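**Q** Going down the list, the sequences are from chains A and B. Residue numbers for the first sequence, in my numbering: 38 to 388. Residue numbers for the second sequence, in my numbering: 38 to 388.
Please note: incorrect hints may appear among the correct ones.
Covered by chain B, according to a simulated footprint, are these stretches of chain A (three or more residues, beta-carbon under 8 Å) [unchecked claim]: (1) 123-129; (2) 142-151; (3) 298-310.
Derived from the structure by calculation, the hints contain no laboratory data. Quantities reported herein were computed from a predicted structural model and do not represent experimental measurements. Think of the CB as a built atom: it goes at the ideal place given N, C-alpha and C, for glycine as much as any other residue.
Number of protein chains: 2
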Amino acid sequence: MAVEDSSEVAAPAPRAAGIKDVAAAAGVSLGTVSNVLNRPERVSPKTRAKVEAAMAALGFVRNESARQLRAGHSSVLAYVMLDGRNPFFTDVAAGMEDAAAEDDLSLFVCNSANLAEREAAYLRRLEQQRVQGVLITPVDPDSPALAELARRGTPVVIVDRKRPGTDHCSVAVDDVRGGELAARHLLDQGHTRLAFVGGPLTLGQVRDRREGALRALLAAGLGPDHLVDLATPQLTVEDGSNAGQRLAGLPSATRPTAAFCANDLLALGLLRSCAALGISVPADLAIVGYDDIDFAAAATVPLTSVRQPRHRLGRTAAELLIQETSDPGHVHQQVTYLPELVVRASTLRAR
Amino acid sequence: MAVEDSSEVAAPAPRAAGIKDVAAAAGVSLGTVSNVLNRPERVSPKTRAKVEAAMAALGFVRNESARQLRAGHSSVLAYVMLDGRNPFFTDVAAGMEDAAAEDDLSLFVCNSANLAEREAAYLRRLEQQRVQGVLITPVDPDSPALAELARRGTPVVIVDRKRPGTDHCSVAVDDVRGGELAARHLLDQGHTRLAFVGGPLTLGQVRDRREGALRALLAAGLGPDHLVDLATPQLTVEDGSNAGQRLAGLPSATRPTAAFCANDLLALGLLRSCAALGISVPADLAIVGYDDIDFAAAATVPLTSVRQPRHRLGRTAAELLIQETSDPGHVHQQVTYLPELVVRASTLRAR
DNA sequence: CTCCGGGATTGAAAGGTTTCACAAACCTGG
DNA sequence: CCAGGTTTGTGAAACCTTTCAATCCCGGAG
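Using the sequences and the hints given, assemble the complete structure.
**A** Structure, rendered in structure tokens:
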């Protein structure tokens with residue numbers, strides 16, 4: 038009167054098989070299973086097959102916490118991005134992901150949404166997880182938290198910002214140059230009175246782009262009064278649209294005939310409100326954006342924009358990070374790319 | 038001749054202080070430090086202060102791997118999204134993030150980029166990490182991998198898709214209804230020949246939206262031949278633009294006077310190519326998109342679109358997941374939201 | 001002065017993996 | 001058939017934290 042072997046009963050929740058169970062099932066020792074996992078070449082094909090069969094049968098899934106605890110390192114990179122809703126950053130992340138995948142690492146993407154507090158919370162969490170390294174486009178690149186993180190042993194790479202210190206690598210695009218390109222282009226088109234749409238000035242990107250525009254003016258012999266500031270609280274489509282309203286409200290005598298926007302979201306918003314207000318682009322107002330996101334070219338008045346090598350930016354950043362973690366003789370470097378102006382209909386010279 | 042105490046030498050890499058070091062520094066036991074961390078109310082204010090001071094002095098950072106190994110659970114949720122470059126999913130993720138933050142959990146965002154292989158790799162990695170649960174907009178909701186993941190103990194919530202089985206919760210929007218809304222609106226405007234722009238049909242979202250359009254036609258007494266398929270390989274701006282070229286190439290006798298696009302990216306691409314080809318929107322071609330991403334309203338011909346409660350979609354999904362992990366008596370539920378048509382200039386009735 | 005109750009603290013076990021020094025088994029050629 | 005070298009396999013320690021039963025200490029009741 039044999040009782041049905043319990044292994045044949047569909048156990049509802051056998052609770053996660055571990056390496057130990059696999060070893061038992063395969064009739065080998067713990068260490069051997071571990072070897073199959075980590076150094077398969079050191080185990081004979083026969084035993085390896087046995088072990089692999091056991092793993093499959095038990096639905097074994099390696100416990101990464103335990104692995105990491107013992108091995109001391111994880112295989113996760115993280116990117117803390119500044120604005121998850123800006124396609125620019127999404128593309129940067131895609132570049133990182135490609136680089137990470139090549140080294141068999143995962144990329145953990147977090148979105149600080151430009152909130153210092155949220156950023157800090159993520160950094161804390163990531164450090165606790167002992168991620169292999171952190172890529173970050175910081176709310177404030179001078180924050181001491183970043184330096185400390187690095188000092189305590191988590192490599193940090195600053196993305197899309199430069200940082201004078203020598204604690205980390207950084208990858209950036211020359212925003213001053215970008216601003217210069219944009220403004221010079223507008224001046225070349227015969228405009229002499231430009232609007233600068235963007236903010237807050239606490240963002241280095243915004244500051245630098247504006248600074249570049251000023252330089253271009255200066256080089257053309259025009260004073261800073263030829264740059265009309267239309268400050269925005271954020272860099273969203275909505276803010277750009279609002280700026281358009283304000284622009285339209287200016288007396289036509291002093292109203293700029295061209296606008297340089299700190300990013301494409303603003304530019305698209307501006308474009309929209311121009312359409313709504315009957316301001317023709319580029320005849321009445323030329324517009325230059327920044328980032329050259331896909332939607333820039335897709336806008337019905339395709340947008341002139343300053344292109345940044347976003348994919349490469351991300352890829353390079355991730356590569357530097359990986360290098361830092363693997364090469365003991367690593368020295369920090371600051372990579373700077375040059376932006377490029379892409380001219381489209383939104384600034385075609387008015388006849 | 039005393040040798041300088043080594044503790045006074047600035048050690049270059051003192052290697053991560055652990056709970057043990059804190060205990061030693063504070064003159065208490067291991068367990069007490071742990072209590073300060075996990076049940077502060079059980080330790081007297083005096084000792085707590087001592088311990089906290091020691092932690093600060095040593096720059097102690099809790100080791101999450103060890104914690105998780107012992108405690109058995111992590112505090113990370115993950116969202117595997119279908120297309121990181123589509124703002125719709127970004128917004129969904131933002132909703133999840135809010136819900137997660139409320140419960141003091143982190144959200145790990147991964148982008149499968151519509152690649153089954155990448156998706157599988159992420160799922161494997163996440164399971165190894167023993168994340169608390171997985172939110173996913175799957176490439177293929179019928180993939181057995183999902184069911185198995187759930188069976189092995191990682192809760193899974195399907196987002197933006199429904200799944201007949203009873204293994205997980207799901208949160209979706211009724212795409213058939215959405216397609217119906219879009220098509221009926223066009224029919225109401227007097228159009229009788231519609232283009233459907235979208236693909237691949239392996240994506241349930243695309244299939245359902247198309248299906249809805251067919252139903253609307255049927256309800257209006259029109260056969261399926263009144264729906265002209267412009268299949269696209271993906272759902273990108275570029276694909277939409279290409280579809281526009283093809284549309285323009287159709288003999289004007291049979292050319293549809295309205296287009297329903299499976300998402301806004303396609304619609305924006307279509308819009309762009311119309312502008313380039315001199316097809317006026319909406320006079321020559323009415324366009325309806327889907328998702329109502331921010332750029333839809335921002336397009337220079339603002340886009341009529343089917344709005345989905347994306348933020349809520351994400352939030353609800355995360356809430357269900359959290360509930361599943363905390364409430365033992367949890368029963369899986371399938372939540373379905375209704376979409377809503379947002380009418381804008383791109384379909385204003387032609388005079 | 002002893003005993004008791006209860007809050008504060010302790011110590012040891014446990015959790016799943018990797019690592020490493022070592023043992024066993026096998027092979028090669030003398 | 002054996003010595004010595006190589007290839008496989010083993011077992012125990014270590015990683016850092018959490019948990020929980022046990023101990024300690026203190027003041028108050030008897």
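**Q** Now tell me if each hint is right for this structure.
**A** Against the structure, the hints come out as follows:
{"no.": "1", "hint": "123-129", "in the structure": "holds (count 3)"}
{"no.": "2", "hint": "142-151", "in the structure": "holds (count 7)"}
{"no.": "3", "hint": "298-310", "in the structure": "holds (count 4)"}
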